[in-house]
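With these hints in hand, go ahead and build the complete structure from the sequences.
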Amino acid sequence: MPLRTHGAPRPPHSPSPSRPGPSPSPTATPPPEPAEADCEVGPDGTVIRVRGELDLDSVHVLHTALHRARGRTVVDLSGVAFADTALLHALLDARAAHGFVLAGPLGTGLRRLFDLSGTRRCFAFTSEG
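The sequence shown begins at 0 in numbering that gives the first Met the number 0 and counts up by one.
Watch out, some of these pointers could steer you wrong.
Now the in silico label distances, taken between C-beta atoms and shown as ranges [stated by the list, open to error]:
id, residue 1, residue 2, range
1, L115, R67, 28 to 34 Å
2, P29, A95, 33 to 39 Å
3, T84, T63, 17 to 23 Å
4, G98, T26, 40 to 46 Å
5, R69, T28, 26 to 32 Å
6, D43, D114, 26 to 32 Å
7, D114, H62, 33 to 39 Å
8, L91, T125, 26 to 32 Å
9, A27, H66, 34 to 40 Å
10, L115, R69, 30 to 36 Å
11, P29, G70, 19 to 25 Å
12, S116, S77, 16 to 22 Å
13, P42, H88, 28 to 34 Å
Calculated from the structure, these hints are not laboratory results.
Just so it is clear, CB atoms sit at the ideal spot from N, CA and C, and this is done for glycine as well.
This is the structure in structure tokens:
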């Protein structure tokens, strides 16, 4: 049975009451995509599909999905729009508990995160990773 977990949405930035903020512009940055992780446990293993923006406030969705995983596990990161080191810590911690394969294709930012942190060699990636 699929399990979907959602990250807590980040509160929108509000200007300080003592200073009025700039008026919204049509080119304003869109709100962050909430983090989600779908976990499908089947007879052949588990597929976890992660989407949205993962940081310290939202990485719990991945923790929850990884704790439900059974057997051979594939973590699909192709839907991740943004991630920081909180994602790396979650994956490194879970790697000790059970093995898994990371799938993509990975976005440019996510590839850079693995490469610059030197953690790419710590994980098994599918050919799209």
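* Asked: Is the gap between the beta carbons of G98 and T26 within 40 to 46 Å?
  -> Roughly 44 Å apart at Cβ, these two residues keep to the hinted range, so it holds.
* Asked: At the C-beta level, are L91 and T125 separated by a distance inside 26 to 32 Å?
  -> With a Cβ separation near 19 Å, L91 and T125 fall outside 26 to 32 Å, so the hint is violated.
* Taking the CB of R69 and the CB of T28, does the distance hold inside 26 to 32 Å? -> Violated - the Cβ-Cβ distance for R69 and T28, about 39 Å, lies outside 26 to 32 Å.
* Is it true that the C-beta distance of S116 to S77 lies inside 16 to 22 Å, as the hint says? -> holds, 19 Å
* To do: Take the C-beta atom of P29 and the C-beta atom of G70, compute their distance, and say whether it sits inside 19 to 25 Å.
  => At 38 Å between Cβs, range violated.
* Asked: Taking the CB of P29 and the CB of A95, does the distance hold inside 33 to 39 Å?
  -> holds, 36 Å
* Asked: For the pair D43 and D114, does the Cβ-Cβ distance stay inside 26 to 32 Å?
  -> Because 31 Å falls inside the window, the suggested range holds.
* To do: Kindly confirm whether 17 to 23 Å is satisfied by the beta carbon distance between T84 and T63.
  => Between T84 and T63, where Cβ atoms are some 19 Å apart, the hint holds.
* To do: Return holds or violated for the Cβ distance of A27 and H66 against the range 34 to 40 Å.
  => Distance hint for A27, H66 holds at roughly 37 Å.
* Asked: Is the gap between the beta carbons of L115 and R69 within 30 to 36 Å?
  -> At 32 Å between Cβs, range holds.
* Starting from the hint 28 to 34 Å, judge whether the C-beta atoms of L115 and R67 obey it. => With Cβ atoms ~30 Å apart, the hint holds.
* Could you check the hint for me, namely that P42 and H88 are 28 to 34 Å apart, CB to CB? => Since the Cβ atoms of P42 and H88 sit about 31 Å apart, the hinted range of 28 to 34 Å holds.
The structure does not agree with the numbered hints 5, 7, 8, 11 stated previously, though it agrees with the rest.
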